[in-house]
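Enquirer: Listed below, chain by chain, are the residues.
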Amino acid sequence: MSGSGDGWQRLHPLSPVVRGGRATIAIAVILVPTVFGGRSLSADYPQLVAVGAIAALGFVSWLVTRWRVHDDDLQIETGLIRRRSARFPLAQVQAIDVVRPGLARLFRVAELRLRVGGASGGMARLAYVSEREAEPLRDRLLELARGERAEAAADEAPGEERARTEARVLATVPPLRLAISILISDVGLAAAAILAALVVAAILSPGRAAVAGGGFLWVVTALTLVWRRFNQEYRLTLAESPEGLQLHGGLIALTAETIRPGRVQAVRMVEPFLWQPLGWCRLEVDVAGRQRAKGEGEAQRGRLRAVLPVGSRALAEELLDTLLPDRPRELAAPPRRALWKSPLRYRKLGWGRTQTCVAASSGRLRRITAWVPLEKVQSLRRVQGPVQRRFALASVHVDTAGRTVHASLRDRDGEEADRALLELADLARAARG
Amino acid sequence: MEIRPDEDWRQPDRKLLRLRRLEVGTAAAVLAIAGVVVAVTGSLAGGIVLLVAALFLALTLERFLRRRFEAWGYAERQDDLLVRRGVLFSRLSVIPYGRMQFIDVTAGPLERALGLATVKMHTAAAASDARIPGLDRTEAERLRDRLAELGEAQAAGL
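Residue numbers (my numbering), protein chains in the order written: chain A, 1 to 433; chain B, 434 to 591.
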């Protein structure tokens, strides 16, 4: 597939409508009674002017935004008065998501989000392109991104065809299990607690109406959180393809995401307290990116990508084998005296390493195990607090460029920590090559 | 804190200690002056409390500052930089040269007056911000250039 020339391209004409989202719906609500209510249009003159102004602004913003692929860069220009021209080197693309919120699906458009690594990196957004174009465009961008390293570009086209059919489905989640798992996870329990508190308050207090009014906001917030999780992870399917790990799913807002191989900074497995008897766990991957960059979508903010929202330990192990073939299986327990320093964590603590990977587990009620490929290690820190010093304990932190996952070897014997620090530093250097 | 004897540990300039004392001394002096003012104009008891607080601050911090100063250290190894710091929470960071994205050299007004500078190393991980304060300006510049050079030579992709 060759580039479509140097020509600039516009986004889909309906972009401002979809981007306006709720505003669009609000405008429709304003207009409906005017048009169908039998009132004359002149009575709603101010509203009409406002609507017209918003529509004009949206149209102008669409008119001045254009993009193109040029010299292995994606260039996006936007802005009428303050012109902003951004260029994103495709070689640094970490992952590409295709996101389709509810309104976008209605209008058959999709948003492309390119996550770019590096300290200056951020997110390139193409919002929106038509649904038909989105997938081929993503494939093309990914191919260009890969092309940086692959020398054989000539016989790429047939290879790509094969690639699409070869995607091997690794895991998918049944909706019922997802619903149950969310209800008994931290988010679900928090929502349930809020609801219960409101019900109790409403029964006990005489001014029921007041309680209901004040509590309404809380209920909405709680339900939104639960809903967002469910919406995002509904029928999430993980597949393996030569382009990387492919994730797609979603109930109303569909997302399709590709994580390129070798871009995974860390993997973590979370086992919430109430999931433990059921033997369930959640597997999340962390890719490089700026910490909570401005302008990132809601779904992206501070959230890791769950590759397995809920699944059995066995399935998680299988996925881990794909993600990190060489990983430590056995985690060493901390010295007994760590029980005094971290009584709640003690039973969850552990660490292990192989030549290419380090793993550490922690957590109070839930168990969190994190794996970091040693070639991704940015820096290592050994920290000893006052309490730890009393017990001759120390922690070693493994920092990566990921957003949230950090492997921390907590409360190890002081000398063990020292040894681990230097050993990991040497292994990380060897892994980087 | 165990420091491997085989590393060539270097320490910030002794002027850093003077800088820190100056900072604490100023705070204590302000407190003391406030104490005198309160004692003269208003309640004698309140003024005495403030004066005692100022004295206490100056004395305890003097001990703490010295230990804190002595805890600072850095060693340039073949492939990484070691930075140690902290008394209460002692830290030892290992930062590979190849992982440093950029290096800042900053100097505040007081630091500038004493001819000092702070070198700050940034990697792609937000958690690993290592800095070495109170370096002599020429040493800071030498370190910056050296780290940048080594970083360039050993740079590794994300």
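Any given hint could turn out to be false.
Residues on chain B that point at chain A, a partial pick, calculated with CB under 10 angstroms [what the hints assert, rightly or not]: (1) Phe522; (2) Ser523; (3) Arg532; (4) Ala563; (5) Leu580; (6) Ala581; (7) Leu583; (8) Gln587.
Keep in mind the hints are simulated off the structure, nothing from the lab. Fair warning: this is a prediction, and the values are worked out from it, not measured in the lab. Beta carbons are placed, not taken as given, at the ideal position from N, Cα and C, and that holds for glycine.
Enquirer: Run every hint past the structure and note whether it holds.
Expert: Going through the hints against the structure:
no.	hint	result
1	Phe522	holds, 5 angstroms
2	Ser523	holds, 5 angstroms
3	Arg532	holds, 5 angstroms
4	Ala563	holds, 7 angstroms
5	Leu580	violated, 13 angstroms
6	Ala581	violated, 15 angstroms
7	Leu583	violated, 13 angstroms
8	Gln587	holds, 8 angstroms
Figure legend: structure checked against the earlier numbered hints; hints not met, in rising order: 5, 6, 7.
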